[in-house]
Every structure is written in C-alpha cells, then in structure tokens.
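Protein chains in written order, with the UniProt record's numbering: chain A, 1 to 303; chain B, 1 to 243.
Hints listed in this document are in silico derivations from the structure and should not be mistaken for laboratory results.
One or more hints might be untrue.
[Unchecked claim] In silico PhoX-like cross-links for lysine-lysine, where the CA-CA straight-line distance does not exceed 20 angstroms: (1) B/K67 to B/K135; (2) A/K121 to B/K85; (3) B/K75 to A/K121; (4) B/K69 to A/K121; (5) A/K229 to B/K135; (6) A/K136 to A/K215; (7) B/K78 to A/K121; (8) A/K121 to B/K67; (9) B/K228 to B/K135; (10) B/K69 to B/K157.
[Unchecked claim] Output of the computed footprint for chain B on chain A, the stretches with three or more beta carbons under 8 angstroms from beta carbons of chain B: (11) 106-119; (12) 127-139; (13) 225-239.
Positions of the beta carbon are idealized from the N, C-alpha and C atoms, including for glycine.
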Amino acid sequence: MAAASGTNDLSSEMELDAFRRLFPLSFHERHLLESIRPDGRPLGRARDTSLSLGAVASANGSALAKIGCTTMLAAIKLEVMTPTVEAPDEGCIAIDFHMPPICSPLIRPGRPAEVAPVISKQLSDTILSSGTIDLKELCLVSGKAAWMAYLDIYCLDADGALFDAALLSAVAAFSHLQIPVVSLNDDGRIVLVSEENGGSMKEKEPVNKEKIKLKMNSQPFSLTCILHKNYILADPISEEESIMETYLTVVLDTNYQLVSLNKPGGPGLASTSSIQDCIALAQKRVKELQQILSEAISDMEVD
Amino acid sequence: MDIERAGGRGANQLRPIDCSRDVLSRAHGSASCSHGETRVLAAVFGPKAGTKKNENPEKACIEVIWKAKTGLIGKIEKEFEMILKRTLQNICLLTVHPNTTTSIVVQVVHDDGSLLPCAIHATCAALVDAGIPLKSLAVSLCCCLNESGQILLDPSKLEEQKMKAFVCLVFPSSVHSITPEESTPATTKSTEQEIITSLTHGIMAVDDYFHCVDQGRAAITLLSNILKKKMRSQSADNSSKAA
Numbered sequence: 001m002a003a004a005s006g007t008n009d010l011s012s013e014m015e016l017d018a019f020r021r022l023f024p025l026s027f028h029e030r031h032l033l034e035s036i037r038p039d040g041r042p043l044g045r046a047r048d049t050s051l052s053l054g055a056v057a058s059a060n061g062s063a064l065a066k067i068g069c070t071t072m073l074a075a076i077k078l079e080v081m082t083p084t085v086e087a088p089d090e091g092c093i094a095i096d097f098h099m100p101p102i103c104s105p106l107i108r109p110g111r112p113a114e115v116a117p118v119i120s121k122q123l124s125d126t127i128l129s130s131g132t133i134d135l136k137e138l139c140l141v142s143g144k145a146a147w148m149a150y151l152d153i154y155c156l157d158a159d160g161a162l163f164d165a166a167l168l169s170a171v172a173a174f175s176h177l178q179i180p181v182v183s184l185n186d187d188g189r190i191v192l193v194s195e196e197n198g199g200s201m202k203e204k205e206p207v208n209k210e211k212i213k214l215k216m217n218s219q220p221f222s223l224t225c226i227l228h229k230n231y232i233l234a235d236p237i238s239e240e241e242s243i244m245e246t247y248l249t250v251v252l253d254t255n256y257q258l259v260s261l262n263k264p265g266g267p268g269l270a271s272t273s274s275i276q277d278c279i280a281l282a283q284k285r286v287k288e289l290q291q292i293l294s295e296a297i298s299d300m301e302v303d
Numbered sequence: 001m002d003i004e005r006a007g008g009r010g011a012n013q014l015r016p017i018d019c020s021r022d023v024l025s026r027a028h029g030s031a032s033c034s035h036g037e038t039r040v041l042a043a044v045f046g047p048k049a050g051t052k053k054n055e056n057p058e059k060a061c062i063e064v065i066w067k068a069k070t071g072l073i074g075k076i077e078k079e080f081e082m083i084l085k086r087t088l089q090n091i092c093l094l095t096v097h098p099n100t101t102t103s104i105v106v107q108v109v110h111d112d113g114s115l116l117p118c119a120i121h122a123t124c125a126a127l128v129d130a131g132i133p134l135k136s137l138a139v140s141l142c143c144c145l146n147e148s149g150q151i152l153l154d155p156s157k158l159e160e161q162k163m164k165a166f167v168c169l170v171f172p173s174s175v176h177s178i179t180p181e182e183s184t185p186a187t188t189k190s191t192e193q194e195i196i197t198s199l200t201h202g203i204m205a206v207d208d209y210f211h212c213v214d215q216g217r218a219a220i221t222l223l224s225n226i227l228k229k230k231m232r233s234q235s236a237d238n239s240s241k242a243a
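Pulled out of the complex, with its shape left as it was, chain A reads as follows (with noise of 0.2 angstroms):
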C-alpha cells in the first residue's frame, strides 16, 4: 500500500507523459476508477469500426477493415482444384494471417511474428466450424472441379484486437466474394469465361450462368475484452494489451450461438459472471457490426 500511494504522490509532481511512461499500471488503473480510458472511452465501447469492400481490384474478393487505427486488409483469389476423395462435392478454403514488419515496433524483419500462426489457426478454426460457408456451393463438377479460395489477412497496422479486425475483415472478404463464369472445355478442364470472347464461347454450355456470390448463413463476428481485477475494457488497443495481459475473446453468429471463446490462459481468471457480461459485450458488438457490414454490401451495390 506504501508504494501505491508513493506513486500517488508522485503523479500529482510528475509530468503526464513521464508518469503514463514509468508507471503504466497505476496510470490505466486511475483512469478505470473515473470509468473511463486514457482514449477517452467508457470501458464497454469498441473504437469507431469502417469497413470498405472491394479494397483490391485483382482479388476476386476483398475488403478494408478498420478498429480505431488497426487496419486489416483481406483478399480472396479462387482457383480450380481437384476435389478430395473424401469430399468430393466440396471446396476448399485456406486461410493465411500476416504480419509484415509495417504493422509494429515489435516486429522485425526476417524474423516471423510469434502471433500470426496462432491467429491464422483461429481465424480458420472459427471460419469453417462456424459454417457461414457451405463448402458446396465451391463446388463447380462433383468429383471432378471444385472451388479452392485462397484468403490471406494482411494486418497493415497492429493496435490491438487483431482477432476481431482480422475476422471482420475476412467475413467482409467472403460477402464481396463473385463467383466466376467458367464453362467445360472439350478436353473436360475448367476454363474461365472473360467478358470479352463470351460471344465464342456460346457453344460450349458454362457451369455457372453468371458471377454469382456466395450465400451466407450466419456470419461470426468477435469481441476481444479484458479482464483487469473487475473491470472489463472491451476492444482493447496496443497499450492496453501489454499492460493488462488478461484477455478473452468471445465470438458469436448472428444468431447469438457461441462459434468460439477462447481465453488463452494469462495472469488474471475468468469467474462466471465476467464471461457473462463478456458475452452481453459481444451480442452488442455483433448489432453494431452486422450493421456496418450491411451499409458497407449496399454502398458497394450503389456504386
């Protein structure tokens, strides 16, 4: 308790920036007592969040999310593939997460960020067990052809919630996502029909008639909160997260139905009531964010 109010006194003689510095702790801890957080949030509110479809004109499918200065950039490119002896009316999706040395101080060149697997594996787990995507619609002949869609999530900026930008950036990726026009050549491969020479291509019947997008059922959508003594700061920047190492994040469908929640460990514990308010925080999150994703369908329809 003496070296609490030691750094008390301290702060009312020291600088702010000097004080936020060399007491980081004890300078977020303040600001949660007033309910409040050094940016100027309450501690339940996510960062203002924009979403832009279309952000990559070569990808056949993509977007732009932005969590407060996180920035996540998506893209999905398609491509034929021999469907597996197991399942041979399904596609496929392969999911990458990068980090490139542009998106933190922390991260060096040469040397891959330690996170970008992890999240990259619970980007994938969450996408394909949370069934947004049926698998079959990827599929072009049964046996023979099916769809293979390479999503790869670039973080251009880290600043905490990487998960949630990183996932809202790829749901938005596959709700922009156009099917191609393809047909059946003679020789039995899968060629793409170009605007251009559809007129020749007349005479051999396509497989798909038109572009066609993909039909989603419930898209997941994810809120990363931390749990600091009793308080609870959802969408966490940077700062907040080396400071307070405590996180969970919760993920949910439109439904309501937990696709995942995920709480890897940590100083800090997890009592009942703190994972309920959690999920109260998140079911919030994924109004918020299905309405911004829906704005973000229909300005890309006007344009």
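Take the given structure of chain A and dock chain B to it, following the hints.
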C-alpha cells in the same frame, strides 16, 4: 438417456489417469502423463539466466516447445505453445526468479483426444519435479457436446471428431486439495473455481457452454485429488529409496 461410449464409459466418467515424475535423467524436471491412450512427455530445463527479447526482465520468462508425434511444427503446435505458455504464466510465481528463462519441452507420444489437458498435467508434474515454485496446480478437462446438448467428459479422438462442439477448460486446482486435509474439512466449497483457460470449437448455445463449465468444475476436485495423490505417492517412494 445414457449414451453408448467406447469401453463402456458413462458420460461423466474419465479415462484412467496415470502420471509419473522423474522419467528423464538429464532434464531438471520431467514427467509423463497419460489419459487413457493419450500420452505426453514433458521436460523442464532451467531456470537459465536472461530472458528472451521483448519479454519483461522483471519477471521469469517461460518458453514452451511443443513437439508433435510426427511431422513438422505448424500452426496447431504454435497455438498449443501459446496456450500452454500463458496458462503456466498464471500458475507460476514469476517474481521469484526474475530475469530467467525456463524452457519446457512437450513431446506428444500418442494423441487419442483431450491432448491439451494431458499436456497441462504432464507439464505441471514436470514443474513440480524441477522444483519451480507454483501458486497451485493447473487442472484441465475437455468436454464434448452432442446434438441433443448432452455433455461427455474426457472425449477420445473419435468422439471429438463426431461431436458438434467441444470445450477445453483449465482451472487452478481446488484449494482443499492443496492445504493438508486435516486442517480443512472437505466442505469448503464456498468459492467457485475461476477459469484460467477456455478453448472452444464448434457452434453451441451460450447456456450449453455454461453447463460445460459447471460439469467441468464438478469434476475438477476429484481430478486434482487424483493428481495430488499420484505426485505424493511418488515422492514417498523416492524418500524411502533414499533412506
């Protein structure tokens, strides 16, 4: 309605657990743990001087190396390493050996479901064997949910694949298994166990998740007693050998 399980297990029945310490001679601490057919070997080296880059030198640093049964290290192994490291950060007293690194090598011998709980128990036993100070043991459990919302504890690999969803939970071992039995009667169940680590896979209702947590909590006391007994009986063996 009871569900048919391989080996005639009931829905709430765990597979036999075995745990032995001091299985490797060169490691500072080692343990082997098995849950049914699942078996994991863990070795602890350290604490060695200095922390890794980007780690806080005022605390002890924990490094986990996860070796799969076969194949190269991929994303799955990296995820396990991260979860195990952060779980151990919760139970270790990190301020006792500041500016040191403790390496933990986890070798999967056989995976037949509930791999993470088995690895956590093996690592805890290896840390105890190495004499690393711990706040408490970590006790872990997997549960599976089937289509009708029924919960199966400690699923095998086949059950994990068949089921709709599964939950993996880690709790600190219950208090009355740490303190000697004479001082606290087994009725101290006032505080509910809080969760160190939670991992889920597959879609489930929010209520089902909390049912799993309750089931897990109920099984934890028993599980931590079993683990404690395994560790204690071995230290008795060792001291008798020394005598």
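How the hints compare with the structure:
1. B/K67 to B/K135: Status violated; Cα separation ~26 angstroms.
2. A/K121 to B/K85: 17 angstroms, holds
3. B/K75 to A/K121: Answer holds: B/K75 to A/K121 is near 6 angstroms, not above 20 angstroms.
4. B/K69 to A/K121: Measuring from Cα to Cα gives roughly 19 angstroms; hence the hint holds.
5. A/K229 to B/K135: Between A/K229 and B/K135 the Cα gap is close to 18 angstroms, so the pair holds against 20 angstroms.
6. A/K136 to A/K215: 11 angstroms, holds
7. B/K78 to A/K121: The given pair, whose Cα atoms are some 9 angstroms apart, holds under the 20 angstroms limit.
8. A/K121 to B/K67: Within the cut-off at roughly 17 angstroms; holds.
9. B/K228 to B/K135: 14 angstroms, holds
10. B/K69 to B/K157: The given pair, whose Cα atoms are some 15 angstroms apart, holds under the 20 angstroms limit.
11. 106-119: Since three or more residues must qualify, the claim that chain B covers the region 106-119 of chain A holds, with 5 doing so at under 8 angstroms.
12. 127-139: holds (count 3)
13. 225-239: violated (count 0)
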